[in-house]
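2 protein chains.
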Amino acid sequence: MTQKYHAQIYVTLRPSVLDPAGTAVKSGLSHLGYTNVDQVRIGKYVEVTLTADDETAARQQLDRICDELLANPVIENYRFDLTSV
Amino acid sequence: MTQKYHAQIYVTLRPSVLDPAGTAVKSGLSHLGYTNVDQVRIGKYVEVTLTADDETAARQQLDRICDELLANPVIENYRFDLTSV
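Top to bottom, those sequences are chains F and C. Read left to right, the first sequence gives residues 1475 to 1559 (my numbering). Read left to right, the second sequence gives residues 1475 to 1559 (my numbering).
Rather than coming from a laboratory, the hints here were simulated on the basis of the structure. Hints are supplied without guarantee of correctness; some may be wrong.
Copies of the same chain are indistinguishable here, so a pair counts whether it falls within one copy or spans any two.
In silico EDC-like links for lysine to aspartate or glutamate, alpha-carbon gap of 16 Å or less [claimed, not checked]: (1) Lys-1518 x Glu-1550; (2) Lys-1500 x Asp-1512; (3) Lys-1518 x Asp-1493; (4) Lys-1478 x Glu-1542; (5) Lys-1500 x Glu-1542; (6) Lys-1500 x Glu-1521; (7) Lys-1478 x Asp-1528; (8) Lys-1478 x Asp-1512; (9) Lys-1478 x Asp-1527; (10) Lys-1478 x Asp-1555; (11) Lys-1500 x Glu-1550; (12) Lys-1478 x Glu-1521; (13) Lys-1478 x Glu-1529; (14) Lys-1518 x Asp-1541.
Required output: the full structure, derived from the provided sequences and hints.
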């Protein structure tokens, strides 16, 4: 029996990798008057709905999906929350 | 006294708005053999560190930051989690 799952995937740059887009947003916020913002880091957020036999299978598949397509493991980390729906 | 806060901001397309990037990822996953993926929606994930007087002030400022710069309220929703660090 298959079950439907909803995954919220967060892809972030590794801490050692520079984030020029985040720096640009921080600069923009500073120009808008938000000078109390210390740091901005920009990542990706992906919501995926999929069917799988069980939660273990869903997690294994999501790991492969992230490694192969959604994240660049050289410069990015990912994590995800999984809920059955 | 000011306190340092860490915010995790999620910007997502409104449900009624088409997501061509998400559709492209779903198609890519299908070509890679992941035919059990039903839906993919792509959003933005932003981590912000800021100092504020208290949590209420931090939340108000983050609402303004999201409305003014990070999200397009016509087509996007946002939400954020706030933790003091």
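Going down the list of hints, with the structure as the test:
| no. | hint | result |
| --- | --- | --- |
| 1 | Lys-1518 x Glu-1550 | both (10 Å within a copy, 15 Å between copies) |
| 2 | Lys-1500 x Asp-1512 | within (8 Å within a copy, 36 Å between copies) |
| 3 | Lys-1518 x Asp-1493 | both (13 Å within a copy, 14 Å between copies) |
| 4 | Lys-1478 x Glu-1542 | neither (22 Å within a copy, 36 Å between copies) |
| 5 | Lys-1500 x Glu-1542 | between (31 Å within a copy, 13 Å between copies) |
| 6 | Lys-1500 x Glu-1521 | between (26 Å within a copy, 11 Å between copies) |
| 7 | Lys-1478 x Asp-1528 | within (9 Å within a copy, 41 Å between copies) |
| 8 | Lys-1478 x Asp-1512 | between (40 Å within a copy, 9 Å between copies) |
| 9 | Lys-1478 x Asp-1527 | within (9 Å within a copy, 43 Å between copies) |
| 10 | Lys-1478 x Asp-1555 | within (14 Å within a copy, 26 Å between copies) |
| 11 | Lys-1500 x Glu-1550 | neither (20 Å within a copy, 20 Å between copies) |
| 12 | Lys-1478 x Glu-1521 | within (13 Å within a copy, 29 Å between copies) |
| 13 | Lys-1478 x Glu-1529 | within (9 Å within a copy, 37 Å between copies) |
| 14 | Lys-1518 x Asp-1541 | within (14 Å within a copy, 19 Å between copies) |
The structure does not agree with the numbered hints 4 and 11 stated previously, though it agrees with the rest.
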